[in-house]
Amino acid sequence: NAGVMQNPRHLVRRRGQEARLRCSPMKGHSHVYWYRQLPEEGLKFMVYLQKENIIDESGMPKERFSAEFPKEGPSILRIQQVVRGDSAAYFCASSPPNSRATTNQPQHFGDGTRLSIL
Amino acid sequence: AQSVTQLGSHVSVSEGALVLLRCNYSSSVPPYLFWYVQYPNQGLQLLLKYTTGATLVKGINGFEAEFKKSETSFHLTKPSAHMSDAAEYFCAVSDERTGANSKLTFGKGITLSVRP
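Just so you know, the protein sequences line up as chains L and E, in that order.
So that you can map any letter, position 106 of the first sequence is 106 in the working numbering, and since no number is skipped, the others follow by simple counting.
So that you can map any letter, position 64 of the second sequence is 64 in the working numbering, and since no number is skipped, the others follow by simple counting.
If you are wondering where the hints come from, they were derived from the structure by calculation, not from laboratory data.
Treat the hints with caution; some may be incorrect.
[Stated by the list, open to error] Here are the simulated DSS-like pairs of lysine-lysine, each with C-alpha atoms no more than 25 Å apart in a straight line:
1) E/Lys68 - E/Lys108
2) L/Lys44 - E/Lys108
3) E/Lys69 - E/Lys49
4) L/Lys27 - E/Lys49
5) E/Lys108 - L/Lys62
6) E/Lys108 - E/Lys69
7) E/Lys58 - E/Lys68
8) E/Lys49 - E/Lys68
9) L/Lys62 - L/Lys44
10) L/Lys71 - L/Lys51
11) L/Lys27 - L/Lys51
12) E/Lys49 - L/Lys44
Put together the whole structure using the sequences plus the hints.
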């Protein structure tokens with residue numbers, strides 16, 4: 001009974017490189033959320049996606065960051081031209097599709113990807 | 001806009017003592033409220049949630065929380081702390097209008113230490 005799977009668990013990049021973080025939601029879940037956790041801070045919402053659609057990207061930085069959740073395969077959070085300030089833990093969460101039966105279902109979190117920028 | 005305030009960043013209790021972690025929220029609509037726990041280098045695990053109905057909710061590991069609308073609070077308690085409770089605890093709120101399928105707004109978290 002796999003939960004939310006994120007990989008890699010740790011990712012090291014040099015400034016200017018690209019970082020790709022992957023998230024496979026729980027089985028049966030079609031909603032994916034990305035959050036970023038900076039040191040000594042809580043999690044900050046970045047983006048909410050359903051299959052092939054971005055529902056809410058109000059927390060995404062305007063530049064260099066993008067997210068997708070294709071029809072097949074995991075959700076990807078992509079950071080281009082990384083800078084030191086991108087160092088953080090990035091968490092993915094998932095939840096089931098909307099229905100009367102699932103309306104109170106909480107989001108389930110993965111173990112995160114710790115991104116370090118050299 | 002919604003917000004969550006968790007006063008203080010660190011709480012230390014003795015093993016067997018009462019645990020009280022405070023959470024106050026701000027929301028223009030009826031909220032859904034959550035407590036999550038995070039162990040080192042792991043993701044967040046749901047402790048308990050309030051959506052509708054009974055305002056005193058019980059969660060895993062002996063934790064419970066009470067939704068008090070008049071005080072806009074959702075404090076987390078446990079009668080007797082155990083060493084394994086040492087972790088970081090996050091309070092979060094989401095928008096009831098859209099149910100669970102909406103973004104969570106988190107507090108900054110509180111680190112709980114338990115002394116032998």
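Consistency of the hints with the structure:
no., hint, in the structure
1, E/Lys68 - E/Lys108, "holds (20 Å)"
2, L/Lys44 - E/Lys108, "holds (9 Å)"
3, E/Lys69 - E/Lys49, "holds (15 Å)"
4, L/Lys27 - E/Lys49, "holds (22 Å)"
5, E/Lys108 - L/Lys62, "holds (23 Å)"
6, E/Lys108 - E/Lys69, "holds (21 Å)"
7, E/Lys58 - E/Lys68, "holds (15 Å)"
8, E/Lys49 - E/Lys68, "holds (13 Å)"
9, L/Lys62 - L/Lys44, "holds (15 Å)"
10, L/Lys71 - L/Lys51, "holds (6 Å)"
11, L/Lys27 - L/Lys51, "holds (13 Å)"
12, E/Lys49 - L/Lys44, "holds (19 Å)"
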